[in-house]
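With the hints as constraints, model all of the structure from the sequences given.
2 protein chains.
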Amino acid sequence: MTQLPSFLDEPDDTRGAIMKATYDALCKHGYSDLTIQRIGNEFPKSKSLLYHHYDSKDDLLLDFLEFMLAELEGQMPAYRDRSADEHIADIIDRTFAFGSTENNPHFTQALLELRTQAAHDEAYREYFTRSDRFVRKHVAHTIQSGIEQGVFQEVDPQETAALFQIVFVGTMTQRVTSDDDDVLRAGRAMFDQCLRARLLRPE
Amino acid sequence: MTQLPSFLDEPDDTRGAIMKATYDALCKHGYSDLTIQRIGNEFPKSKSLLYHHYDSKDDLLLDFLEFMLAELEGQMPAYRDRSADEHIADIIDRTFAFGSTENNPHFTQALLELRTQAAHDEAYREYFTRSDRFVRKHVAHTIQSGIEQGVFQEVDPQETAALFQIVFVGTMTQRVTSDDDDVLRAGRAMFDQCLRARLLRPE
DNA sequence: ATATACTGACTGAATATTCAATCAACTCCC
DNA sequence: GGGAGTTGATTGAATATTCAGTCAGTATAT
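Going line by line, the protein sequences match chains A and B. When we follow the working numbering, the leftmost residue of the first sequence carries the number 1230, and every step to the right adds one. When we follow the working numbering, the leftmost residue of the second sequence carries the number 1230, and every step to the right adds one.
Hint data in this document are derived by calculation from the structure and do not stem from the laboratory. Some hints here could point you the wrong way.
Which copy is meant is left open, because identical chains are indistinguishable; a pair holds if it fits in one copy or across any two.
Unchecked claim - Derived lysine-lysine pairs resembling DSSO-like cross-links, with alpha carbons at most 30 Å apart: (1) LYS1257 with LYS1286; (2) LYS1274 with LYS1257; (3) LYS1276 with LYS1286; (4) LYS1286 with LYS1274.
Fair warning: this is a prediction, and the values are worked out from it, not measured in the lab.
This is the structure we're talking about:
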């Protein structure tokens, strides 16, 4: 039942099709073995067409990165009418479910492969720095609300969000690069306990 | 003052020299742009010699991975005669210092680049799965001691070690792939607080 | 008929790998 | 002790493959 992310299913426009092809090729071969040829192979149209829509391989991949980050940010759950602790619980759920067998493991893999390029590529690093900030702001804001609502103790929202960020990328990296599936389950259990101990207001 | 890791300084044997050359080339160009030619450029001897010692590029890189993991495991601080909470504090220190500007940022970068290959390379994944287990066992053992010594509350050592693992890879990934240097500082502050709240026995 | 989407064949550069040939050291026999 | 054979380290040049990018031209839709 592990299917293609919906946002890539049956793309109608050419760009969508190219994104899907890139996604498939990236998952199949990994970033370091990702070639225009291989993207072309996953693409219903011809390889040359890619150059009709993009100036270069770099150009294409940068657009793909933008596409992926937009999707990631779009997955951020809306605050809506829940209480802050329910919302935080949801975020934790999603953090640890991110990339699990039921939920697009390949999306996570692709994202990590892109992310690692940031080690050497200035442009990539800027994208991720920006995207991280967006996510952290969202989390910090939720924490802040929780404090105001009186459900959380008085913690520093920025620092808390930063820890969430670290745990998020840690989960992602761990899931994609290790076979040991118990680490995430166990780590989450302890993370829950720790957060409860520090964050939740005793009733 | 950010110098070469000592374990790569002035290698006397050929293998050591190849490892150093590979390390240098990897840091300089990144995994996806790592070529035999470039390794050869960092190598005092000729490029062809690499094939005398290794069957293929893959073969060489796999040996390099083994080399790096051995080094990583060797960096694990010894328990010695300290109390468990001092030792844990040391581990946290090292976790968040890992790859910081003073401490071989390139080593961390290289390690992450290798690690990401595990996403689509079975052999790499096995190596990291094993290495992770080694580190977790060490941490779990320390926690266990702490509980027996009465300095820690009764937590599950496996779960605690798992959280350490996630935070460790998260720190590593974050440091290498983002420009925002405050995340680690802030995340650590909150992690300290959370751990204290859950782990430390109130005096 | 014009522009836009699209294709398959092609190219030069880069890349991994191989090869034929030195060279230095070591062994073994007399 | 010294020559003859063996082995491993080393090299520069050669080979086969892969890759990003181009181009001349075909289809298609307006």
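Which hints from the list above does the structure break, by number from lowest to highest? Per hint list: zero violations.
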